[in-house]
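Participant: Spelled out, the chains give:
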Amino acid sequence: MRDKSTSDGENSPKGVDHMIDQQPTRPLPPVENSDEARLRQRAIGVKLRQMFDEVVNEPVPDEFLEILRRADNSSGGER
Amino acid sequence: MSASEDLSTLTGAARDNVFQKDLVTLIPHLRAFARTLTGNATQADDLAQDALIKAWDARASFQLGTNMKAWTFMILRNQFYSDKRRSWRSTQLDQEAAERTLVAVDDPESPVALDELRQAMAVLPAEQREALILVGAGGFAYEEAAEICGCAVGTVKSRVSRARKAVQGILEAGAYGRDGRPADEAMGNILSEAERLSAAR
Numbered sequence: 001m002r003d004k005s006t007s008d009g010e011n012s013p014k015g016v017d018h019m020i021d022q023q024p025t026r027p028l029p030p031v032e033n034s035d036e037a038r039l040r041q042r043a044i045g046v047k048l049r050q051m052f053d054e055v056v057n058e059p060v061p062d063e064f065l066e067i068l069r070r071a072d073n074s075s076g077g078e079r
Numbered sequence: 080m081s082a083s084e085d086l087s088t089l090t091g092a093a094r095d096n097v098f099q100k101d102l103v104t105l106i107p108h109l110r111a112f113a114r115t116l117t118g119n120a121t122q123a124d125d126l127a128q129d130a131l132i133k134a135w136d137a138r139a140s141f142q143l144g145t146n147m148k149a150w151t152f153m154i155l156r157n158q159f160y161s162d163k164r165r166s167w168r169s170t171q172l173d174q175e176a177a178e179r180t181l182v183a184v185d186d187p188e189s190p191v192a193l194d195e196l197r198q199a200m201a202v203l204p205a206e207q208r209e210a211l212i213l214v215g216a217g218g219f220a221y222e223e224a225a226e227i228c229g230c231a232v233g234t235v236k237s238r239v240s241r242a243r244k245a246v247q248g249i250l251e252a253g254a255y256g257r258d259g260r261p262a263d264e265a266m267g268n269i270l271s272e273a274e275r276l277s278a279a280r
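Sequence order for the protein chains is W and P. Per our numbering, the first sequence starts with residue 1, numbered consecutively. Per our numbering, the second sequence starts with residue 80, numbered consecutively.
The set of hints was computed from the structure by calculation and includes no laboratory data. Quantities reported herein were computed from a predicted structural model and do not represent experimental measurements. The beta-carbon is built from N, C-alpha and C at its ideal position, and this holds for glycine as well. A portion of the hints provided could be inaccurate.
Here are some, though not all, of the chain W residues that point toward chain P, as calculated from beta-carbon distances under 8 Å [stated by the list, open to error]:
hint, residue
1, SER34
2, ARG40
3, ALA43
4, MET51
5, VAL60
6, LEU68
With the sequences and hints as input, model every part of the structure.
Facilitator: Below, the structure is given as structure tokens:
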């Protein structure tokens with residue numbers, strides 16, 4: 001029911017193309033290239049996480065903890 | 080010991096303690112997010128500290144047991160953009176210093192590829208950069224990233240997708256320009272590095 005209404009409602013001889021979902025109108029690169037692209041994206045993802053994690057794994061400068069220590073004292077410190 | 084139900088009954092110092100313990104664990108992540116937003120280690124820590132203070136001051140409005148990471152990231156991000164509005168000039172001027180800092184912070188063993196990725200990230204429009212970092216490195220779902228950025232889920236998805244394509248394009252194009260050969264070195268470095276990393280895991 002969903003398929004029918006969208007292809008009818010939205011005019012155009014292109015309606016059929018829309019139903020073949022994963023086919024962009026631009027010429028596709030050969031299959032091995034899109035595998036390659038996926039590989040590259042995965043590699044970028046790995047490096048991106050590495051870039052982020054490098055900072056996450058740095059020791060936290062003491063000023064940060066100092067802030068919370070000060071906050072503790074000023075908030076009535078029952079400890 | 081489960082459930083936000085238990086947590087929600089906490090008050091006063093006991094609640095503050097729980098809140099603070101969770102907040103402390105997020106500091107490294109806030110620093111990393113700030114670093115990617117500012118591109119500068121010193122500015123990033125200033126920003127992260129401001130965000131930490133803001134989060135602490137706003138602790139009463141946080142519901143214990145919900146996603147504190149997303150909440151603090153949102154605070155940090157808001158802080159970043161309000162700072163930026165106040166002094167957009169200084170971030171521009173510091174761009175060079177930022178690049179030096181990033182390189183300086185690097186492990187000497189760290190591969191070229193990482194610097195190139197940083198540079199590629201630095202050229203992205205801010206909203207694409209933050210979306211890619213949140214989803215691609217920060218471990219947030221699209222929905223959470225959308226909440227942090229105050230935009231629609233679909234917007235985040237398209238920003239992430241455009242950012243990914245742009246980064247790949249920049250890395251590939253950069254190598255073409257450098258030595259005139261079609262062998263894309265930056266991308267090649269990243270590929271081999273990524274392989275090494277995932278093998279090590």
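Participant: Determine which of the earlier numbered hints do not hold for this structure and return their numbers in increasing order.
Facilitator: 1
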